[in-house]
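As you go down the protein sequences, you meet chains A and B in turn.
Throughout the first sequence, residue numbering follows my numbering, covering 562 to 785 in sequence.
Throughout the second sequence, residue numbering follows my numbering, covering 4 to 219 in sequence.
Hints are computed from structural coordinates only; laboratory data are not their basis.
Treat the hints with care, as some may be off.
Said to hold, decoys possible - Computed from the model, here is a short list of chain B residues facing chain A with C-beta under 8 Å: (1) His89; (2) Thr138; (3) Tyr139.
Said to hold, decoys possible - Quick list of in silico lysine-lysine cross-link-like pairs, DSS-like style, CA-CA up to 30 Å: (4) B:Lys201 to A:Lys718; (5) B:Lys197 to B:Lys72; (6) B:Lys144 to A:Lys722; (7) A:Lys784 to B:Lys15.
As the list claims (entries may be wrong) - From chain B, some residues computed to sit far from chain A (all C-beta separations above 10 Å): (8) Asp77; (9) Gly110; (10) Glu120.
Bear in mind the structure is a predicted one, so any value in this text is a computation, not a measurement.
Built from N, CA and C at the ideal position, the CB exists for glycine as well.
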Amino acid sequence: MKDFSAPAIHIFFKDSHSELRTRYAMNALLMFVVTALALVLFSVGNEVVGTDVLSGILWVIIFFSGMSGLSRTFVSEEERGTVVTLQLLSRPTSVLLGKLLFNFVLILSLNVLIAVLYLLMVSRFVILTPSIFWVTIFLGSCSLASSSTIIAAIIAKANTKGTLYPVLSFPIMLPLLLTVMNATRLSTEGAAFSEAFGEFQILVSYTVVVITVSILLFSFVWKD
Amino acid sequence: MKHVTFSAESLKKEFNRRVIFDAISFSLHEGESFVIAGRNGSGKSTLVKILCGLLSPTRGSVRVNVEGKEVAPDLLFRYIGLISPHFNMYEEFSGIENLTLFGKIRGLENNIVHDAEELLRQFNIFERRNDEVRTYSSGMKQRLKFAAALLHRPEILVMDEPTSNLDEEGIATVRFVMEQQRQRGILIIATNEKDDLKYADSILNLDEQRPAKSSS
Numbered sequence: 562m563k564d565f566s567a568p569a570i571h572i573f574f575k576d577s578h579s580e581l582r583t584r585y586a587m588n589a590l591l592m593f594v595v596t597a598l599a600l601v602l603f604s605v606g607n608e609v610v611g612t613d614v615l616s617g618i619l620w621v622i623i624f625f626s627g628m629s630g631l632s633r634t635f636v637s638e639e640e641r642g643t644v645v646t647l648q649l650l651s652r653p654t655s656v657l658l659g660k661l662l663f664n665f666v667l668i669l670s671l672n673v674l675i676a677v678l679y680l681l682m683v684s685r686f687v688i689l690t691p692s693i694f695w696v697t698i699f700l701g702s703c704s705l706a707s708s709s710t711i712i713a714a715i716i717a718k719a720n721t722k723g724t725l726y727p728v729l730s731f732p733i734m735l736p737l738l739l740t741v742m743n744a745t746r747l748s749t750e751g752a753a754f755s756e757a758f759g760e761f762q763i764l765v766s767y768t769v770v771v772i773t774v775s776i777l778l779f780s781f782v783w784k785d
Numbered sequence: 004m005k006h007v008t009f010s011a012e013s014l015k016k017e018f019n020r021r022v023i024f025d026a027i028s029f030s031l032h033e034g035e036s037f038v039i040a041g042r043n044g045s046g047k048s049t050l051v052k053i054l055c056g057l058l059s060p061t062r063g064s065v066r067v068n069v070e071g072k073e074v075a076p077d078l079l080f081r082y083i084g085l086i087s088p089h090f091n092m093y094e095e096f097s098g099i100e101n102l103t104l105f106g107k108i109r110g111l112e113n114n115i116v117h118d119a120e121e122l123l124r125q126f127n128i129f130e131r132r133n134d135e136v137r138t139y140s141s142g143m144k145q146r147l148k149f150a151a152a153l154l155h156r157p158e159i160l161v162m163d164e165p166t167s168n169l170d171e172e173g174i175a176t177v178r179f180v181m182e183q184q185r186q187r188g189i190l191i192i193a194t195n196e197k198d199d200l201k202y203a204d205s206i207l208n209l210d211e212q213r214p215a216k217s218s219s
C-alpha cells in the first residue's frame with residue numbers, strides 16, 4: 562500500500578505547490594463562482610422561489626464551477642509535456658490517486674466557499690438540518706472529484722478538451738447530481754438525519770464504484 | 004554492478020496501418036551499449052518509448068531481468084533513466100525543486116538533496132539551482148534532464164538525441180556520462196550523430212528496417 566500512497570501524496574503536494582504558484586485553476590474557479598452567484602441573484606431578484614429550486618441552483622453552480630477547473634489536473638500535464646515525466650516517475654495508480662486527492666481538496670474547498678456564499682447571499686435558502694447539508698457537501702465533493710478525475714484523464718488526450726469535458730461529465734454525473742439535490746432539499750425541509758441515509762448510501766456507493774473502475778481503467782488511459 | 008538483461012523480442016509498431024518498424028529483436032547485458040540510428044522520422048523516438056514502457060508495441064515485447072528476476076512492466080520505470088525531448092521539467096519549479104520532487108515521488112531513501120546538488124554540479128547548473136526552470140536556456144534544460152535521469156542511478160540509461168541543444172562543454176559531459184553508464188549498466192542511444200556511433204557495441208539502423216510497403 563505504501564508503494565502507491567507515498568508517491569500519490571508527493572504528486573498531490575506537487576500539484577498543490579504548482580497551483581499555488583500559477584493559480585490557474587483557482588482563479589478560473591473563483592471567477593466562475595462569483596459570476597454565477599451574481600447572475601443567480603440578479604435573475605431571481607424578488608421572485609418567490611421554492612427551496613427545491615434553490616437546492617437545484619446551488620448544485621448547478623457547483624457542477625459548472627467544477628467543470629471550469631477540475632480538468633486542469635491532467636490537461637496541464639499534457640500542455641506542459643510532463644506526462645512522460647510522470648510516467649517515468651511512478652505507477653499509474655499512484656498518479657491517479659495523487660490527482661484524485663488534489664481534485665478532492667480543490668472541489669471541497671470550492672464547495673464550502675460556494676455553500677457559505679450562497680447561504681449568505683440567497684436569503685430564502687435556509688438550512689433547517691445543517692448536519693444533512695454539510696454531509697451532502699462533503700460526500701458530493703468526494704463523488705464529484707472521483708468522476709471528474711477519470712473524465713479529465715480521458716479528455717486530456719483529445720483535441721476539443723473544453724467542450725468534451727462537460728459533455729462527457731453530464732451523463733456520468735447525472736445520478737450523483739439528482740441525489741445531492743434531493744439530500745439538499747431534505748436539509749431545507751428540516752428532515753431528520755436518518756431520512757437522508759438513503760442518499761448518503763448512494764453517494765458513498767457511487768464514489769466507491771467510480772474509484773474502483775478508475776483504478777482498473779487508468780493504466781490504459783494513461784499509456785499512449 | 005548488478006546483473007541486468009534487457010531484451011526486445013519481435014517488436015512491431017503500426018500507426019493507422021502504416022508500419023513504422025517490424026521484427027526488431029536484440030538482447031543486451033550490463034556493460035553493453037546499443038545505438039539506434041536512422042533518419043528523422045525513421046521511428047527512433049517511437050522505439051525508445053516502447054523500450055521504456057511508455058508505448059505499447061503492436062506486436063512483440065520488452066523484457067528486463069535484474070539479478071535473475073523479471074521486472075513487471077509497470078515497475079520498469081524504477082530501472083530506466085530517460086533523456087528525451089518528450090521528457091520535460093516543471094517550469095514553475097526551480098532545478099533543485101524538480102530533482103527533489105522526482106526523488107520523493109520515486110521513493111528514493113538516500114539523501115536526495117545531496118545527490119541532486121552533486122548532479123547539478125556535474126552538469127554545471129549548480130549556480131542556477133534555485134531559479135525557476137522557465138528562466139533556463141534550452142541547453143540548461145537539457146543538462147537538467149540528464150541530472151533528473153541519473154538521480155536514481157538507473158541500471159538502464161536511454162538517451163534520445165542526447166546532444167541536442169548542448170554546447171561543446173555539455174557534449175563532453177554527456178560523453179563522460181555515456182562512458183560511466185557503460186561501466187555500471189546498459190546504455191541505449193537513439194541518434195543520428197555519427198560521433199555517438201563510437202559508443203556502440205551494436206547498432207540498429209532503422210532506415211534498413213523500414214518495410215517496403217504498408218501492411219494490409
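Violated hints - listed by number, lowest first: 2, 3, 4, 5, 8, 9
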